[in-house]
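Okay, here's what each chain looks like letter by letter:
2 protein chains.
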Amino acid sequence: MQCEIVAVGTELLLGQIVDTNSAWIGEQLALSGIDCHRHTTVGDNRERMMAAFREALDRADAVIVTGGLGPTQDDITREVVAELMGVTMERDHGLADRIKSRFAGRGRKMPANNLRQADVPVGATPMLELPGTAPGLVCPVGDKVLYTVPGVPWEMKEMLKGTVLPDLRRRAGTVSVIGSRTLRTWGQSESGLAEMLADEIDRLDVEGGPTLAFLASGIEGLKVRITAKAPTPGEVEAILDDEEARVSSIIGPIVFGLDGANMESVVLDELVSQGLTLAVAESLTGGLIGSRLTDVPGSSRAFRGSVVAYAGDVKRELLDVTDGPVVSEEAVSAMASAVCRVLDADVSVAVSGVAGPDPQDGQEPGTVWMATCVDGETETVKVVFPFDRVRTRQFTVISVLNLLRLRLLKRRGG
Amino acid sequence: MQCEIVAVGTELLLGQIVDTNSAWIGEQLALSGIDCHRHTTVGDNRERMMAAFREALDRADAVIVTGGLGPTQDDITREVVAELMGVTMERDHGLADRIKSRFAGRGRKMPANNLRQADVPVGATPMLELPGTAPGLVCPVGDKVLYTVPGVPWEMKEMLKGTVLPDLRRRAGTVSVIGSRTLRTWGQSESGLAEMLADEIDRLDVEGGPTLAFLASGIEGLKVRITAKAPTPGEVEAILDDEEARVSSIIGPIVFGLDGANMESVVLDELVSQGLTLAVAESLTGGLIGSRLTDVPGSSRAFRGSVVAYAGDVKRELLDVTDGPVVSEEAVSAMASAVCRVLDADVSVAVSGVAGPDPQDGQEPGTVWMATCVDGETETVKVVFPFDRVRTRQFTVISVLNLLRLRLLKRRGG
Numbered sequence: 001m002q003c004e005i006v007a008v009g010t011e012l013l014l015g016q017i018v019d020t021n022s023a024w025i026g027e028q029l030a031l032s033g034i035d036c037h038r039h040t041t042v043g044d045n046r047e048r049m050m051a052a053f054r055e056a057l058d059r060a061d062a063v064i065v066t067g068g069l070g071p072t073q074d075d076i077t078r079e080v081v082a083e084l085m086g087v088t089m090e091r092d093h094g095l096a097d098r099i100k101s102r103f104a105g106r107g108r109k110m111p112a113n114n115l116r117q118a119d120v121p122v123g124a125t126p127m128l129e130l131p132g133t134a135p136g137l138v139c140p141v142g143d144k145v146l147y148t149v150p151g152v153p154w155e156m157k158e159m160l161k162g163t164v165l166p167d168l169r170r171r172a173g174t175v176s177v178i179g180s181r182t183l184r185t186w187g188q189s190e191s192g193l194a195e196m197l198a199d200e201i202d203r204l205d206v207e208g209g210p211t212l213a214f215l216a217s218g219i220e221g222l223k224v225r226i227t228a229k230a231p232t233p234g235e236v237e238a239i240l241d242d243e244e245a246r247v248s249s250i251i252g253p254i255v256f257g258l259d260g261a262n263m264e265s266v267v268l269d270e271l272v273s274q275g276l277t278l279a280v281a282e283s284l285t286g287g288l289i290g291s292r293l294t295d296v297p298g299s300s301r302a303f304r305g306s307v308v309a310y311a312g313d314v315k316r317e318l319l320d321v322t323d324g325p326v327v328s329e330e331a332v333s334a335m336a337s338a339v340c341r342v343l344d345a346d347v348s349v350a351v352s353g354v355a356g357p358d359p360q361d362g363q364e365p366g367t368v369w370m371a372t373c374v375d376g377e378t379e380t381v382k383v384v385f386p387f388d389r390v391r392t393r394q395f396t397v398i399s400v401l402n403l404l405r406l407r408l409l410k411r412r413g414g
Numbered sequence: 001m002q003c004e005i006v007a008v009g010t011e012l013l014l015g016q017i018v019d020t021n022s023a024w025i026g027e028q029l030a031l032s033g034i035d036c037h038r039h040t041t042v043g044d045n046r047e048r049m050m051a052a053f054r055e056a057l058d059r060a061d062a063v064i065v066t067g068g069l070g071p072t073q074d075d076i077t078r079e080v081v082a083e084l085m086g087v088t089m090e091r092d093h094g095l096a097d098r099i100k101s102r103f104a105g106r107g108r109k110m111p112a113n114n115l116r117q118a119d120v121p122v123g124a125t126p127m128l129e130l131p132g133t134a135p136g137l138v139c140p141v142g143d144k145v146l147y148t149v150p151g152v153p154w155e156m157k158e159m160l161k162g163t164v165l166p167d168l169r170r171r172a173g174t175v176s177v178i179g180s181r182t183l184r185t186w187g188q189s190e191s192g193l194a195e196m197l198a199d200e201i202d203r204l205d206v207e208g209g210p211t212l213a214f215l216a217s218g219i220e221g222l223k224v225r226i227t228a229k230a231p232t233p234g235e236v237e238a239i240l241d242d243e244e245a246r247v248s249s250i251i252g253p254i255v256f257g258l259d260g261a262n263m264e265s266v267v268l269d270e271l272v273s274q275g276l277t278l279a280v281a282e283s284l285t286g287g288l289i290g291s292r293l294t295d296v297p298g299s300s301r302a303f304r305g306s307v308v309a310y311a312g313d314v315k316r317e318l319l320d321v322t323d324g325p326v327v328s329e330e331a332v333s334a335m336a337s338a339v340c341r342v343l344d345a346d347v348s349v350a351v352s353g354v355a356g357p358d359p360q361d362g363q364e365p366g367t368v369w370m371a372t373c374v375d376g377e378t379e380t381v382k383v384v385f386p387f388d389r390v391r392t393r394q395f396t397v398i399s400v401l402n403l404l405r406l407r408l409l410k411r412r413g414g
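Protein chains in written order, with the numbering used here: chain Z, 1 to 414; chain R, 1 to 414.
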């Protein structure tokens with residue numbers, strides 16, 4: 001089964017919008033075991049849209065078209081598909097009522113031109129999902145199929161998950177259910193992780209079962225994705241549970257969370273479950289640690305605040321740092337202890353380092369001292385990041401939060 | 001003149017990377033007055049790459065191919081283009097030396113397979129730019145042309161600017177030079193800005209001259225882009241200078257900077273030029289104000305630090321906030337004054353508000369009090385943002401920095 005993607009929109013060609021839809025759909029197709037050999041982008045132009053749709057249908061079994069379904073005169077995907085199918089357009093009154101009720105639900109009156117969105121090519125089936133006002137359509141073309149979905153990402157995603165992907169899998173004869181789970185890790189390189197899991201991957205190759213894939217995600221760490229296929233959702237979950245347990249037992253505490261969890265939310269949850277409050281003392285990160293922690297709704301249950309001591313004398317006056325270099329073990333250790341007292345918190349993290357681009361106090365850019373303070377005891381780590389200013393700051397945030405996570409795990413265990 | 005873009009890379013089809021190159025190139029082509037009717041993405045597959053290149057060349061006068069120029073066996077763009085041109089590959093020894101010296105310059109030994117990158121189709125010309133180790137090539141195909149550039153965005157951009165765009169303009173017979181300048185604004189809606197500039201746009205329509213375009217950029221504000229065309233770079237600059245002065249005189253101080261400047265860098269520059277230091281007191285932003293300021297290299301010349309008082313009692317203990325609601329004019333005013341004293345700074349900004357999703361102290365999410373303190377005098381503003389948590393925090397940062405910018409401008413003027 002082969003499926004191509006065609007994105008429609010002059011604004012995409014002009015670079016006013018970056019097309020993130022095609023990448024997302026590409027990933028979903030791969031997860032569903034459906035091949036995708038080409039993405040195409042064309043403008044809102046009848047002739048060029050027609051050519052792109054035809055060519056894609058010649059090569060593939062199915063085509064997903066995003067965009068061009070709005071209510072304005074520019075939005076001509078429906079008309080072009082009707083011509084391609086060799087049929088006329090007809091008002092779908094049930095669909096018109098559903099669109100009207102979308103407006104009524106928001107207390108707004110529907111502009112007359114929105115009714116255009118209820119005109120569908122004869123033979124096409126509107127999708128059940130209608131997150132916005134643009135209906136998705138399943139359009140048979142000979143023994144092939146073309147799906148039209150809106151360009152608005154969250155509307156598109158709902159229709160892909162609800163209608164398009166299940167329909168594609170049915171057509172591909174895939175009667176089984178596919179599910180995946182992502183283990184999020186921090187602290188290992190991709191090759192290191194691959195080495196740790198080499199035996200397990202070999203075992204899965206020989207015995208069959210779920211597959212493992214590594215996805216590098218920059219400052220979000222490395223993800224290990226387990227993908228399983230089985231006749232029922234319950235069986236898929238059981239396979240995922242079993243494989244998650246195996247992988248976790250092999251790679252251990254470098255797994256910090258599952259699926260949507262990030263380092264900040266994991267640390268905050270652990271603090272709340274142990275009834276602890278957190279303070280932060282920042283230097284090179286300038287507020288980024290606190291900012292990322294407070295991105296998480298409900299962070300006020302544990303996060304008390306942060307002292308951003310960017311100037312050296314602020315570190316000395318507010319955070320008990322003594323004379324001498326501020327990028328040092330002594331300084332960062334003093335910062336971690338002092339900020340617990342100043343902000344009246346149970347635990348803390350502190351960082352002091354050289355973000356670059358220039359050296360500081362004779363230390364190279366990328367040199368970072370980190371400290372954690374738990375139950376009054378301070379531990380420190382020095383890292384030299386080989387990155388630019390932006391990435392040095394970002395990696396510092398995740399690294400120091402990971403150090404705190406490991407100490408909190410140990411505290412809970414012991 | 002028509003030019004298509006073909007992005008090569010299986011990782012793009014699988015959604016492991018979002019293709020931002022095509023959008024950027026599309027924008028540059030539009031700015032150069034060159035039409036682009038299609039973007040295509042294909043995997044690292046000889047047959048499918050060949051088909052995509054041929055089809056693009058059939059439709060257009062020129063094709064820009066990104067990706068597939070690396071040193072590994074997967075990277076076959078060079079070979080496919082040679083086949084398309086009907087020529088063999090030949091080692092370019094000058095190019096080989098340049099690639100070797102790229103490695104030597106970084107103190108590294110060149111792996112042998114990197115020499116593959118010096119094999120070029122006979123008749124193709126390597127570009128002068130070599131920011132990485134993958135050379136870009138100008139490849140004549142009949143009376144048309146195909147450019148190959150690396151997929152790494154900064155390498156691609158250098159070659160586009162240095163070779164591809166000038167070459168395309170020459171082929172298009174565009175003897176004129178095109179230039180643009182962006183005025184960055186904060187504090188007006190797109191329709192408000194369009195209304196303010198309606199007469200000027202009408203005047204330009206009638207009299208000819210540069211064009212004006214509005215670009216919405218979310219938390220980066222609205223951009224007004226002036227694009228001018230003239231026989232020489234000097235004349236383009238003169239037109240841009242003239243139009244910038246006209247637009248600035250119409251829309252006034254909502255223009256905060258030009259081109260690459262952002263709100264943080266503009267505020268920091270103004271502080272440095274007036275010899276002032278800055279302190280920040282943050283609540284709902286959790287450190288985001290300090291984080292964005294310290295994203296700017298050299299921010300330590302003015303930024304002293306920040307007190308992130310997320311918990312209410314931290315505001316009271318460290319920042320002189322008295323009993324009563326912390327999302328209030330009194331509280332934010334006290335925070336701004338106190339943080340100047342605590343961090344020994346000349347000026348300050350302070351924010352206290354409800355990021356959401358839940359109300360706080362009976363105040364709705366989006367309610368934000370902001371204060372600026374300059375020369376010991378505090379001014380406050382209340383805003384109710386209609387946004388979610390993330391955008392409320394982001395808009396708070398830019399809004400409060402803009403308030404400080406306007407006060408600093410007034411201070412300099414008077």
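None of these hints come from the bench; they were simulated from the model.
Certain hints may be false.
It does not matter which identical chain is used: a pair holds within one copy or between any two.
What the hints assert, rightly or not - In the DSBU-like style, the derived pairs of lysine-lysine whose C-alpha atoms are separated by at most 35 Å in a straight line are: (1) Lys223 / Lys157; (2) Lys223 / Lys109; (3) Lys100 / Lys229; (4) Lys109 / Lys144; (5) Lys382 / Lys109; (6) Lys229 / Lys161; (7) Lys410 / Lys100; (8) Lys382 / Lys229; (9) Lys410 / Lys161; (10) Lys157 / Lys410; (11) Lys109 / Lys410; (12) Lys144 / Lys410; (13) Lys144 / Lys229; (14) Lys144 / Lys382.
Quick caveat, the model's predicted, so the values are computed rather than measured.
Treating 35 Å as the Cα threshold, decide for lysine 382 and lysine 109: within, between, both or neither.
Between. Shortest inter-copy distance 29 Å satisfies the 35 Å Cα cut-off; intra-copy 60 Å does not.
When Cα atoms must be at most 35 Å apart, do lysine 144 and lysine 382 count as within-copy, between-copy, both, or neither?
Neither: 59 Å inside a copy, 56 Å across copies.
How would you label the pair lysine 144, lysine 410 (within, between, both, or neither) given a Cα cut-off of 35 Å?
neither (57 Å within a copy, 66 Å between copies)
Pop the pair lysine 410 and lysine 161 into one bin, within, between, both or neither, using alpha-carbon distances up to 35 Å.
neither (39 Å within a copy, 54 Å between copies)
Could you figure out if lysine 157 and lysine 410 sit no more than 35 Å apart (CA to CA) within one copy, between two copies, both or neither?
neither (39 Å within a copy, 48 Å between copies)
Pop the pair lysine 109 and lysine 144 into one bin, within, between, both or neither, using alpha-carbon distances up to 35 Å.
For lysine 109 and lysine 144, neither the intra-copy (38 Å) nor the inter-copy (53 Å) Cα distance is at most 35 Å.
Copy assignment of lysine 229 with lysine 161, given that the CA separation must stay at most 35 Å
For lysine 229 and lysine 161, the Cα distance is within 35 Å only inside one copy (17 Å; across copies 48 Å).
State whether the alpha carbon distance between lysine 223 and lysine 109 is at most 35 Å within one copy, between copies, both, or neither.
between (45 Å within a copy, 32 Å between copies)
When no copy is named, should lysine 382 and lysine 229 be tagged within, between, both, or neither for a Cα gap of at most 35 Å?
neither (44 Å within a copy, 54 Å between copies)
Intra/inter-copy verdict for lysine 109 and lysine 410 if alpha-carbon distance must be at most 35 Å
neither (57 Å within a copy, 44 Å between copies)
Treating 35 Å as the Cα threshold, decide for lysine 410 and lysine 100: within, between, both or neither.
For lysine 410 and lysine 100, the Cα distance exceeds 35 Å both inside one copy (55 Å) and across copies (50 Å).
Intra/inter-copy verdict for lysine 100 and lysine 229 if alpha-carbon distance must be at most 35 Å:
neither (40 Å within a copy, 48 Å between copies)
The structure fails hints 3, 4, 7, 8, 9, 10, 11, 12 and 14 (numbered hints given earlier, in ascending order).
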